[in-house]
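Engineer: Taken in sequence, the protein lines are chains V and B.
Residue numbering for the first sequence is 1 to 766, as defined by my numbering.
Residue numbering for the second sequence is 1 to 596, as defined by my numbering.
In short, the hints are calculated from the structure, not lab data.
Using N, Cα and C, we set each Cβ at its ideal position, and we do this for glycine too.
Hints are not guaranteed to be accurate.
Which stretches of chain V does chain B cover? Using the computed rule of at least three CB atoms under 8 Å from a CB of chain B, they are [as the list claims (entries may be wrong)]:
| # | segment |
| --- | --- |
| 1 | 135-149 |
| 2 | 273-285 |
| 3 | 507-514 |
| 4 | 517-525 |
Below, computed lysine-lysine pairings styled on DSBU-like, alpha-carbon distance capped at 35 Å [as the list claims (entries may be wrong)]:
| # | chain 1 | residue 1 | chain 2 | residue 2 |
| --- | --- | --- | --- | --- |
| 5 | B | Lys23 | V | Lys143 |
| 6 | V | Lys556 | B | Lys306 |
| 7 | B | Lys129 | V | Lys140 |
| 8 | B | Lys289 | B | Lys276 |
| 9 | V | Lys699 | B | Lys388 |
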Amino acid sequence: MANVSVAAEWQLLYNRYYRKPELYRMTWKHIDLSRNKLHSESALRKLRIFNCAGVPLSETVWKNPGGRLIGMAWTDDQTLACVVQDGTVYQYNIHAEPLRPNISMGKECFEQNVVDCVFWGNGVVCITESNQLFCIPDFKNPKPCKLAGPGIEEPPLCMAVIEPQYTMSGNVEVLLAVGEAYVLAVEGTGFNNWALRSYVVRCRRWLFLVTSALPPEQLSWCGMDTVLLYWDDMLLMMGPRGDPVTYLYDEPIILVPECDGVRILSNSSMEFLQRVPDSTESIFKIGSTSPAALLYDALDHFDRQSAKADENLRLIRSSLPEAVEACIDAAVGFGSNFQRDRIQEMCKILRVLNAVSTMRLASLLVYNNISCYTICSDWWLINAHQHLLALRISEYLGMNQEVVIMHWSCSKITASLAIPDVTLLEILLDKLKLCKGISYAAVAAHADKMARKLAALLVEHEPRSSKQVCSSFVEHRRRDTALSKATESGDTDLVYLVLFHIWQKRPALEFFGMIQARTMARDLFTIYARCYKHEFLKDFFLSNGQLQEVAFLLWKESWDLGRNPMASKGSPLHGPRIKLIEKAQHLFSETKEHTFESKAAEEHAKLLRSDYKAGHFVDSSISDTIGHVLSWETIELLKVKTEFKVSEKRWYWLKVFALATIRDWDALEKFSKEKRPPIGYRPFVEACIEADEKGEALKYIPKLADPRERAESYARIGMAKEAADAASQAKDGELLGRLKLTFSQNAAASSIFDTLRDRLSFQGVS
Amino acid sequence: MAQIPNLDNAPLNLISLREQSQKELINILKNIRGKKCLVIDPKLSGSLSVIIQTSLLKEHGVELRHLSAEPIQTDAAKVVYLVRSQLNLMKFISSHVNNDISKGLQREYYVYFVPRRAVGCEKILEEEKVHHMLTIGEYPLYIVPLDEDVLSFELDLAYKECQVDGDTSSLWHIAKAIHKLEFSFGVIPNVRAKGKASVRIAEILNRMQAEEPVNSPDMVVPEINTLILLDREVDMVTPMCSQLTYEGLLDEFLHINNGSVELDASIMGVQQEGKKVKVPLNSSDKLFKEIRDLNFEVVVQILRQKATSMKQDYTEMTTTSQTVSELKDFVKKLNSLPEMTRHINLAQHLSTFTSKPSFLAQLDMEHTMVEAQSYDICFEYIEEMIHKQEPLINVLRLLILFSITNSGLPKKNFDYLRRELLHSYGFEHMGTLNNLEKAGLLKKQESKSNWLTVKRALQLVVEDTDTANPNDISYVFSGYAPLSIRLVQHAVRSGWRPIEDILKLLPGPHSDTKRGRFATSPSLDTLQGASASMDKVADGRRALVLVVFVGGVTFAEISALRYLCSQEGMAYDLIIGTTKIVSGHTLTESFVEKLG
């Protein structure tokens with residue numbers, strides 16, 4: 001029913017279909033793969049880069065020292081990494097321009113000679129003649145490291161890596177085939193061979209197969225569970241079970257494994273061998289009656305204006321959504337999970353994919369998901385200088401155009417050495433304004449690298465107060481502006497960035513002058529310096545005459561000294577402390593507004609000195625000192641009282657409570673009779689109640705002047721009747737109510753309050 | 001019950017917000033393979049406790065430690081620090097590393113800054129010559145959902161840092177946090193700000209939108225309709241008053257920490273000598289959700305009623321025969337028994353504090369100060385407190401309230417009280433007094449106070465407040481309507497315009513801006529009216545207002561906002577953002593200089 005011609009070229013491997021469409025005819029000439037390394041040609045000592053259709057993109061002369069080229073590969077961000085014998089890694093971009101600096105695998109590797117290497121996404125592992133393994137885990141941050149020694153004598157038969165993203169340890173793991181049917185796994189810090197049992201088993205099966213014939217020239221996984229083996233003129237595809245499929249080639253080929261299949265490159269063409277996706281299979285399989293197949297058939301009929309189209313549609317009405325989904329899925333060609341409402345989006349992506357795979361560009365994109373796609377397309381297109389197309393695509397798909405425009409601007413600057421700054425600025429601004437929120441500073445930084453004045457001009461247009469702005473301002477010696485811009489942004493971190501820069505580069509006085517007028521910068525500097533650069537901060541405050549701040553710093557230092565255990569117990573170290581405080585006092589007194597602090601510091605110093613004499617109570621307050629001393633040294637105490645001009649009020653409170661604490665009730669009574677207490681008898685009552693001495697309290701309660709206070713005091717010691725009497729004397733209904741609540745457990749007492757309150761309210765009315 | 005709040009009923013999708021934060025943390029740990037020791041800044045660990053369970057961290061091979069000056073004792077070869085970007089914490093890290101070096105220990109160090117790297121911190125690490133040994137990263141935790149309607153930025157020192165040190169990092173942080181919300185919920189079209197910091201945040205927010213625009217499709221109505229930003233500085237009276245709601249009182253006396261209180265087990269009826277229990281307090285507890293915002297007096301009554309009715313049910317159950325469905329109802333009620341017991345225990349414990357004469361006297365004094373009538377009585381009361389050496393924080397709290405309502409103290413009194421304070425509590429508090437003065441909380445009187453005008457114009461003191469059936473937010477302080485919430489009430493109802501005269505009497509400027517595609521539309525004076533059509537979110541929910549308190553908010557204020565929300569005719573749902581949940585105690589404490 002379905003179009004049979006599509007399925008006619010599929011091969012069946014056990015129960016799975018595989019297909020091998022030709023993607024491109026190679027347009028290159030005079031290329032013999034049997035003589036060249038993949039991706040390039042080194043026989044003529046030339047590095048040539050082609051796209052998938054064999055169109056030459058660029059070439060350069062290979063004149064790197066370091067011996068034979070061991071291997072090369074494209075990394076994730078489309079740079080070509082080439083490893084040579086002495087362990088040097090040369091990198092090229094797609095335009096065959098060398099990227100600096102070269103990476104070295106280290107001295108040890110240099111001495112041993114690299115014999116083989118394996119690349120993965122962003123890294124490489126090399127093995128040397130003495131069977132040592134060296135690794136660059138990430139080209140973006142190239143830090144070569146030596147892996148654990150595998151301890152083998154013979155060079156391994158073959159080597160493979162498990163990418164870090166798939167390993168438990170998070171480091172790359174290397175598999176080495178040594179001896180017969182034995183695989184060794186090497187990790188960053190050690191090796192084991194039990195965790196990988198499943199690999200070993202799997203490999204054994206293939207090793208068995210291989211030993212039965214000549215060893216294959218190339219061997220590669222195709223998809224999840226199939227292996228391709230290549231001999232002289234035969235390509236054999238082996239599945240987990242069933243008979244192998246054989247393809248014959250009369251010219252040399254190279255297998256390039258991809259995530260979902262294998263690319264087969266020959267002198268004349270580029271083919272792609274992959275398992276036929278389920279969705280495609282369901283449509284095109286010969287005799288398929290799945291809804292998707294019927295839908296496709298209906299389209300065919302519709303195109304031929306046949307009425308059968310409608311009939312087909314009726315047949316599958318209930319499963320139409322699935323059918324549509326399967327068709328789209330098949331059209332994309334790869335398994336993906338998207339929702340039906342994304343059909344429109346999907347169609348757009350299809351168009352893009354088709355546009356990109358035309359001969360001129362010939363980049364193969366794998367559609368796995370949008371984000372993967374985004375990265376691929378951007379990198380490829382941008383690196384291949386196809387900015388306009390990239391821009392259109394990102395516009396079409398509604399993606400962020402920032403990356404494209406940014407890259408274009410930088411390339412433009414690089415390529416336009418001859419164009420005067422002002423003209424170039426116009427050209428750039430014209431495009432930059434297309435994208436809201438783009439960082440002009442990043443472009444400026446590039447211009448700066450090219451040593452163009454353009455940088456400064458660009459920065460003027462930057463709307464965002466990002467770090468780049470500041471650093472570029474700083475580089476342009478316009479620190480004042482940088483500081484203001486940072487301050488405006490409200491981003492304290494940005495202000496710090498500029499601050500530290502100026503601090504480092506300029507003499508202290510200039511730095512002080514610059515921050516003095518700027519509150520935010522000044523405050524932030526102060527905070528940092530308070531935490532970390534005390535002395536420098538003092539200089540700052542002295543330079544601008546904030547003497548009281550210096551005084552506060554000194555005074556704080558005096559406390560730090562106090563915290564030092566050596567300084568306690570009235571040791572001679574007390575001297576320096578007092579000295580600091582006196583210095584602070586002196587500085588405080590310089591400004592009229594700080595007389596209070598000055599006096600306080602004076603008293604503090606005095607207290608410390610007297611503490612010293614007493615040999616106790618370091619750092620306790622004057623009141624506490626009085627409280628403590630009271631119990632044993634009256635003469636000393638009076639001295640403190642006069643020396644510190646302790647007010648009569650406080651004196652009474654302190655003394656009363658101190659006497660209650662030592663429970664010297666006679667002394668307390670004597671004290672109460674000395675003269676009429678300046679604050680009445682309440683302290684006496686409270687001290688006694690708190691010490692739970694009702695009898696003592698009763699001596700003073702009647703002396704309280706305010707009947708309300710009397711009532712509450714009586715209530716506190718549980719004398720309901722007296723409390724009620726006092727309250728009624730005060731004629732305070734609210735108070736009576738409250739007191740009643742306190743006595744709510746006591747029925748008799750409650751009734752007293754009720755009667756009194758009734759009487760009171762009656763009085764109130766009359 | 002878990003300390004991690006249930007967010008199912010939140011007016012915004014806060015669950016995804018929290019899951020994002022969980023995922024980010026887990027990813028950090030996942031990316032550092034193998035066994036590791038996670039050293040957490042103690043303050044952060046509180047914030048994390050409402051986001052992620054420690055058991056989940058342990059699943060990723062984590063050994064937990066708190067960051068302190070003490071060197072780290074661990075067998076793990078990898079040490080991961082998770083710290084706020086605070087300068088003073090850097091010395092701990094560098095001393096740990098140096099200590100390891102001196103012992104010949106080789107370890108890998110990772111430092112993750114929350115919420116982002118800070119140049120200042122890294123500078124210190126550089127100067128201490130350990131920077132090159134550390135792998136540095138960020139954990140962008142800007143917002144922590146504390147409950148279904150409360151978001152915290154977890155900046156407990158923001159108010160002090162801003163007012164005393166001039167460190168405005170928190171403002172950037174808040175703007176960033178709000179901007180992050182906008183990425184999830186759309187650009188907030190109306191922004192109203194009062195106070196210096198708030199207006200600045202609104203500015204930074206606009207700048208961020210210009211630099212890193214949130215692209216919201218034109219047809220989508222943003223989920224948050226209005227943002228109200230309010231400086232704590234505008235209203236320092238409210239937090240200094242004792243909160244009288246249930247949750248507020250729990251905080252005043254037992255200090256709620258990241259949604260739970262820690263108590264002696266004996267208080268909760270568990271007889272274990274000296275053992276502490278943690279009681280979670282959030283709206284996952286249905287009974288708590290019902291009573292947390294009520295005046296404590298009422299809570300006691302409700303709990304009593306509930307207990308009585310349950311007892312009655314029980315007697316009926318044992319004495320009369322019941323149908324199966326009646327039995328079922330009864331069993332259902334029994335399920336709430338643990339919650340009942342919990343809150344009866346808590347309430348009982350609270351009343352031991354609230355019935356103290358000293359507490360009543362203090363309340364009395366707060367009211368007198370808010371009334372701002374009897375200067376001498378207040379002055380003498382504070383003087384006596386100092387002489388009796390009552391806890392410093394309590395004294396300062398009243399003193400701040402006194403100073404604000406009088407717009408400072410006459411110089412003579414000011415100097416006298418300061419001297420008495422230093423004599424009674426020690427000279428180390430010279431720094432404390434200086435901090436308070438810098439923040440304007442305790443100062444010399446220079447102009448006449450306009451508190452009386454504000455109080456009268458906004459009807460802050462409401463006579464005859466019925467706490468059981470409140471008709472005004474004043475119920476949360478038994479007669480005083482919090483100034484901050486009155487302002488929010490006006491801002492929501494009619495914008496700043498009608499109360500501009502009063503706003504001018506309060507500290508700091510104010511602003512009212514339209515953003516996004518609404519910026520160009522003709523100015524809309526009120527939220528209601530012209531904008532009514534767009535206030536209705538498609539599915540019939542009420543439009544949402546985000547109220548952000550810059551410098552902290554108290555539980556009582558949150559309760560008042562919830563009360564407003566529950567009123568009939570209220571067109572908006574409110575969600576609260578705050579630098580931290582504060583009380584007069586914690587706010588005052590942040591100004592106290594710790595020396596010696």
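Engineer: Please flag the earlier hints that this structure goes against, numbers listed from lowest up.
Structural biologist: 1, 2, 3 and 6
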